[in-house]
Amino acid sequence: MKNIYSKLSIKYLTKNKNRTVMMFLGVIAAIALIFGLNTVRISQSMNKANALKKVYGSYHTEYVGITLDQLNKLMGDKDIAAIDDVQNLGEIVTDNGLKTELKSFEGKYVSAPYYFSMKSQELVGRKARNNNEIVLDEEAAKIFGIKDKLGKEITVTLKKEYTDKNGKEQLFTEKKKFKVVGFVKRKYEDNIRGAVEVGAEMSRRIAYTYGNGSDELQGISFTKNQRIIPDEAVTYDSIVKFKTDKAKSFRESIAVGNKVEQVAMRNGIGRPTFYPNSNYIAELTEIQFSLENMYDKNNMIIILTVILLIFNIFNIMWGEIIREVSLLRLVGATKNKVRMMIIYQSAIIAVIGTILGILAGIVFSKVGLMVFKDSSLTALKIKPKLYVESGILVQTVVVSLISVVIATIPPIIKIGRVSSLNAVRDVSTYKRREKQGVFGRFLQKVFGIYGYMGMRNLTLKKSRTLISVISIALGGYMIMNTFTSMMGEIDNNITDIYYKYDIEATPGISNDIDTFGIDKKYVENLKGMKEVESVNARFEGEANVELKKGYANKRALKYYGIKETENIDLLSHMRFYTNDGIDERMKGYIKDGSLDSIKHTKDGYVNVAVLNYFYDPIDTHTYHEVIKGLKVGDIIPINVNYHNDNIERRTINVRVGALMSQSWLGYGDRLLPTRVEIITSENNMKAIFGKETFNNIGINLKDTNSETENKKVIEYVEDNIPASISNKFDFEEEQRLVEIEVRKEATISLILIVLISILNIFCTVRANLIVRRKEIFTMRALGMDVSGMKKMNRFEALTYGVLSSVVGIAIAVLSLLKMVKWHNDAYVNFGIEHFMDFTFPTGGALVFVITTIIACLVAVSLANREFANKEIADGIRDLDD
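With the working numbering, you'll find the sequence shown wraps up at 916, consecutive numbering, no jumps.
Hints in this document: simulated from the structure, not taken from any laboratory.
Among the clues, some could well be false.
[What the hints assert, rightly or not] Calculated cross-link-like contacts (lysine to aspartate or glutamate; reagent style EDC-like; alpha-carbon spacing at most 20 Å):
1. K535 to E683
2. K634 to E727
3. K562 to E768
4. K276 to D531
5. K763 to D615
6. K220 to E267
7. K747 to E539
8. K555 to D531
9. K746 to E575
10. K332 to E776
11. K853 to D651
12. K726 to E683
13. K634 to E575
14. K278 to E296
15. K535 to E599
16. K622 to E575
17. K203 to E539
18. K584 to E204
19. K737 to E750
20. K622 to D638
[What the hints assert, rightly or not] Now the in silico label distances, taken between C-beta atoms and shown as ranges:
21. Y586 to N718: 27 to 37 Å
22. D114 to N528: 55 to 65 Å
23. I885 to D631: 54 to 64 Å
24. G180 to D615: 50 to 60 Å
Fair warning: this is a prediction, and the values are worked out from it, not measured in the lab.
Yeah, the Cβ is synthetic: ideal placement off N, Cα and C, and Gly gets one too.
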């Protein structure tokens with residue numbers, strides 16, 4: 036007798052095949068959905084990360100221009116698995132201001148070949164054996180007009196800025212001639228870069244020579260004690276791979292994005308001095324973000340919809356066996372025994388359904404990886420690999436268990452209360468309905484008897500009605516949040532923040548800030564083009580503000596990696612505008628002082644406007660003043676590279692004529708990275724830098740929608756100005772492509788939610804029809820035809836649609852209002868007082884309402900079939916069986 040109820044539980048499952056299959060399919064489909072979607076997304080990202088790793092190397096970041104003390108600290112850092120270093124020897128600069136970073140082959144501890152392998156590069160030719168020989172990477176070879184020709188000589192200016200032992204900024208320059216003895220090339224196939232977009236890489240040019248030799252150096256040394264720059268000017272570049280290969284879990288192996296800054300801050304290295312392996316790191320960070328946000332809003336909607344589906348199916352199916360369970364009570368079964376039968380059946384369905392669901396999810400994931408295979412994997416001959424992450428497995432099992440447990444609780448409570456009398460009386464009877472009220476008579480008058488009955492049916496099983504309404508409403512929430520026009524407004528506002536001009540040419544990482552300039556003839560030619568609305572040419576350079584100890588914000592010093600000594604040199608942006616440009620670009624951004632003053636000098640001092648803020652991304656995530664107590668009228672010394680016959684370091688005293696407001700950082704023509712900005716008239720440029728030129732040009736077009744005209748201007752700038760060229764149109768296209776991907780993912784989720792909602796409504800309507808079958812067939816016997824029954828059920832379904840639409844729109848509007856508030860609050864930190872306005876999602880609401888109505892009608896049409904095709908006599912006979 037002990038196992039008889041267990042055997043009866045299995046017997047019930049095998050006897051009622053349709054019901055059992057329906058319950059299993061519900062669990063399997065739900066589990067496969069959750070597991071498959073997350074696994075495909077993570078696997079695609081990991082495969083892309085492996086492609087980027089093959090192309091750009093396995094290192095995680097490079098710390099550039101660090102001191103020997105900082106290098107020694109890195110060597111002992113607990114999070115670093117592999118490290119290599121080379122000497123940073125400054126830059127070599129061509130006559131037209133194009134620069135190439137210069138490194139040594141030998142660092143303090145390791146030699147450069149390992150440095151190349153971590154970057155997925157290889158040396159073609161040989162190493163430089165002295166400081167008259169040089170090795171160029173592919174990008175550097177291009178600007179010197181060298182393809183694969185070894186032995187060619189190049190003449191350049193060697194330049195190195197450094198801080199001497201007294202804390203003063205110094206500049207070393209020298210004309211230098213090198214013989215090319217080798218090239219550094221990437222290991223991957225030549226056709227991959229052109230054939231496949233594997234990610235945008237920062238355009239650095241790097242060359243290698245022997246360096247400052249020393250007996251202390253390890254590695255192979257051909258000529259000891261050579262000097263190419265002063266010893267005190269030597270700094271180091273360190274390439275780093277973090278401890279991930281032997282990580283305890285998959286999740287730990289990709290959590291490297293935060294380590295880049297954490298290790299830097301821990302070892303006193305300022306943020307502007309490190310260059311992450313950005314493509315590889317970005318993909319790993321995206322995976323980490325996905326894993327950490329498996330319970331974000333969109334995923335929670337899918338999870339909740341799945342739970343509601345399983346709950347509804349179980350609730351309906353268990354509700355159909357009350358009479359059978361009642362017979363067990365009639366022959367002596369206790370309440371606990373009956374309850375254990377339900378629990379046992381649920382456990383069987385949960386365990387087997389979860390296992391089969393995960394297996395189905397694996398098959399679905401593998402098919403998805405093959406169908407949506409990234410083209411870069413094919414080019415790199417990488418076979419897509421399936422990554423089953425433990426967190427996804429845990430999430431899948433947890434959702435399955437929660438769903439089944441929640442779905443099992445109501446029938447356990449209900450069936451435990453069933454008495455033996457239920458076996459001999461009609462279990463489908465309901466307590467006598469109250470007399471029809473005023474509202475009921477109004478509904479019947481407006482919609483007719485069938486309309487009234489259809490809407491009344493929703494009250495028969497309120498829990499099922501609530502579940503169906505919620506499941507549909509969640510789909511509406513996703514539609515209106517994904518397809519709202521406010522997403523476009525956010526993109527446009529972000530574009531306006533980062534792009535003040537349609538096209539802009541600025542000194543890039545490969546331009547020497549001191550010697551690069553834009554010929555005035557190109558500026559005049561651009562002004563004369565019919566497609567151009569306006570041209571703003573200006574000069575943007577660098578200056579070091581001299582500060583005494585205690586006058587600099589300690590947060591800023593930490594961020595920039597500067598030690599607080601008695602004398603502090605604070606690297607700042609130095610900018611020169613035309614007088615018209617000052618009025619046009621800076622009006623409305625002055626907090627204190629006079630905008631007009633910076634066009635003139637006073638008491639022999641050049642007047643400047645100062646932006647005295649920096650953004651702290653580590654601790655406070657907001658802006659702070661950099662120079663303490665700075666006010667209008669203060670005289671501040673700045674160190675600049677002054678152009679005389681040669682470039683020399685000079686200290687110039689300038690007067691603060693105006694202080695700029697924080698709003699400049701959000702709305703104004705600010706520069707990145709965020710530093711102190713010193714702005715004055717171009718008339719003062721010769722007094723500060725000893726020369727007059729432009730190195731930055733911003734262009735606005737007359738018709739930004741004309742692709743042909745845009746392309747013409749962009750091509751002219753790219754062909755004639757060897758600078759970093761950016762344009763608003765490429766950024767907008769990138770945003771558009773990202774939005775398409777987001778909408779694709781949302782649409783897939785949305786389709787699944789709609790299908791689940793249809794299934795929920797189908798189960799609910801069908802269950803209501805089964806419960807009311809005596810009433811329905813009695814009414815048909817009294818004269819109601821099949822069309823009347825269908826009409827009644829259609830009204831029931833439409834009522835579901837209307838209620839779901841109202842609830843869904845309400846939830847979506849509240850969510851969008853919250854989103855607007857979040858953006859407005861967040862961008863206050865960027866000096867933007869009001870970022871965006873709320874716009875009602877009319878288009879999304881219409882799509883949702885139409886989709887909902889169609890889904891409800893499809894569900895009720897499927898549910899009607901069984902009863903529409905059954906004769907009245909057969910239906911009444913079924914009730915007596």
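Cross-check of the supplied hints:
no. : hint                     : verdict
1   : K535 to E683             : 33 Å, violated
2   : K634 to E727             : 16 Å, holds
3   : K562 to E768             : 26 Å, violated
4   : K276 to D531             : 37 Å, violated
5   : K763 to D615             : 24 Å, violated
6   : K220 to E267             : 31 Å, violated
7   : K747 to E539             : 14 Å, holds
8   : K555 to D531             : 27 Å, violated
9   : K746 to E575             : 26 Å, violated
10  : K332 to E776             : 18 Å, holds
11  : K853 to D651             : 25 Å, violated
12  : K726 to E683             : 13 Å, holds
13  : K634 to E575             : 16 Å, holds
14  : K278 to E296             : 15 Å, holds
15  : K535 to E599             : 35 Å, violated
16  : K622 to E575             : 19 Å, holds
17  : K203 to E539             : 34 Å, violated
18  : K584 to E204             : 16 Å, holds
19  : K737 to E750             : 17 Å, holds
20  : K622 to D638             : 25 Å, violated
21  : Y586 to N718: 27 to 37 Å : 29 Å, holds
22  : D114 to N528: 55 to 65 Å : 38 Å, violated
23  : I885 to D631: 54 to 64 Å : 59 Å, holds
24  : G180 to D615: 50 to 60 Å : 40 Å, violated
Hint compliance for this structure: hints 1, 3, 4, 5, 6, 8, 9, 11, 15, 17, 20, 22, 24 are broken, all remaining hints hold.
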